[in-house]
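Turn these sequences into a full structure, and let the hints guide you.
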Amino acid sequence: MAATTETTAGTAPAANPADRLRDAFNRLGSQQKIVLMVAIAAIVAVIVGTILWSRQPNWKVLFSNLTEKDGGSIAAILEQQNIPHRYSDTGALLVPAERVHEVRLKLASQGLPRGGMVGFELMENQKFGVSQFAEQVNYQRGLEGELARTIQAVGSVQSARVHLAIPKPSVFVREEQKPAASVMLNLYPGRNLDAGQIAGITHLVSSSVPQLPASNVTVIDQNGTLLSQLKSKLTEAGLDPAQIKYVREVENSIIKRIDEILAPLLGQDNFKVQVAADVDFSQTEQTAESFRPNNTPEST
Numbered sequence: 126m127a128a129t130t131e132t133t134a135g136t137a138p139a140a141n142p143a144d145r146l147r148d149a150f151n152r153l154g155s156q157q158k159i160v161l162m163v164a165i166a167a168i169v170a171v172i173v174g175t176i177l178w179s180r181q182p183n184w185k186v187l188f189s190n191l192t193e194k195d196g197g198s199i200a201a202i203l204e205q206q207n208i209p210h211r212y213s214d215t216g217a218l219l220v221p222a223e224r225v226h227e228v229r230l231k232l233a234s235q236g237l238p239r240g241g242m243v244g245f246e247l248m249e250n251q252k253f254g255v256s257q258f259a260e261q262v263n264y265q266r267g268l269e270g271e272l273a274r275t276i277q278a279v280g281s282v283q284s285a286r287v288h289l290a291i292p293k294p295s296v297f298v299r300e301e302q303k304p305a306a307s308v309m310l311n312l313y314p315g316r317n318l319d320a321g322q323i324a325g326i327t328h329l330v331s332s333s334v335p336q337l338p339a340s341n342v343t344v345i346d347q348n349g350t351l352l353s354q355l356k357s358k359l360t361e362a363g364l365d366p367a368q369i370k371y372v373r374e375v376e377n378s379i380i381k382r383i384d385e386i387l388a389p390l391l392g393q394d395n396f397k398v399q400v401a402a403d404v405d406f407s408q409t410e411q412t413a414e415s416f417r418p419n420n421t422p423e424s425t
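All you need for the working numbering is the position in the sequence shown, starting with 1, plus 125.
For the record, the hints were derived by calculation from the structure and aren't laboratory data.
Note that the structure is a prediction, hence the values are computed from the model and not measured.
One or more of the hints may lead you astray.
What the hints assert, rightly or not - In silico lysine-lysine, DSBU-like type, Cα no more than 30 Å apart, as pairs: (1) Lys397 <-> Lys370; (2) Lys185 <-> Lys397; (3) Lys185 <-> Lys231; (4) Lys303 <-> Lys293; (5) Lys381 <-> Lys397.
Stated by the list, open to error - If you anchor each label on the Cβ, the simulated ranges turn out as follows: (6) Leu161 <-> Val186: 38 to 48 Å; (7) Phe258 <-> His226: 42 to 52 Å; (8) Tyr212 <-> Gln399: 25 to 35 Å; (9) Ala217 <-> Gln277: 17 to 27 Å; (10) Ser307 <-> Val255: 20 to 30 Å.
Idealized CB from N, CA, C, for every residue including glycine.
Right under this line is the structure:
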C-alpha cells in the first residue's frame, strides 16, 4: 500500500497543451519568435481577407454614362431603399448582380434614368408671366423629350434624340412651310431595326406634330446611316412587304451568326456588323409545246 502511494506521488501530472505551447515558444530565440509572429499574422490576414472577399457581392453594371442629375436621383433612391451600390473607375453605377433587373424595373417605374431629357414636366415648372416665345420653346423641348422617351421603348433602341423644326405660322398660304423632324438613334450592339420599325418611328413622330408629313422625318443611327430611306429603297426596287421582311430576316440571320463567331474573340462591344443582302426574287416562266404526227404511238 505504501509502495503504491509512493508511485502515485512520483507520477508527474499531464502537461496542459497551452503550457506546452508556451514553453516551446519561450525556448525560441528572439529572431525565431519574430518570424513566427509575422507568419501567424499573415495567416490571420489571409483568412480574414478571404472571408471578407467571399462576403462581397458580385457587382454588375446597372447604368453607364448617366448624367449628373440622373446619377444623383438614382443614388438617392438606392440609398433610401438600402440597396448596395458603388461606382466603377469609368463612372458606371454598379449594384449586386442578382438585383440588377429588380432595380432597373423599380427605377423604370419612376421614369429613371431620363437620359438628360426633359418632357412635358418642363411645362409644369413654368413660371407665371412667361412670354409666348418662351412658352413655345418649352413646349417644343417637352415634345422632343416625350418622343425620345417613347422611341427608347423600342427593343433595339438604347437611346434616342429628337429635333423638331417647327416654322412660324404665316398668313400667306404660298409661303407656309411644313415642319420637319430629325431622329437620332443609338442602337444596342449587334441589333438593327427592320423596315416596319423604322416606318413606325417615322409615323409616330409625324402624327405627333401637326402638319408634319412622314417624308419630312429623317431617321439616322449612331453611325450616320440614313434609316428612313431603307424602306423606300426596297419598295422602289419592286419588293412587296413579304419580300422585304424576308430580306431583313436573311440579314439578321447572317449578322447573328457573325456575332456568335466574333464575340468570343473580340468582345461583344468591340465590333459592328452590317449586312446588306441582295436577294434575287426574279421568277422565270417557261411554256413548252410538244408536237407529234397523228397515229404515232406513244413511246413507253
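Hint numbers contradicted by this structure: Of the numbered hints, all hold.
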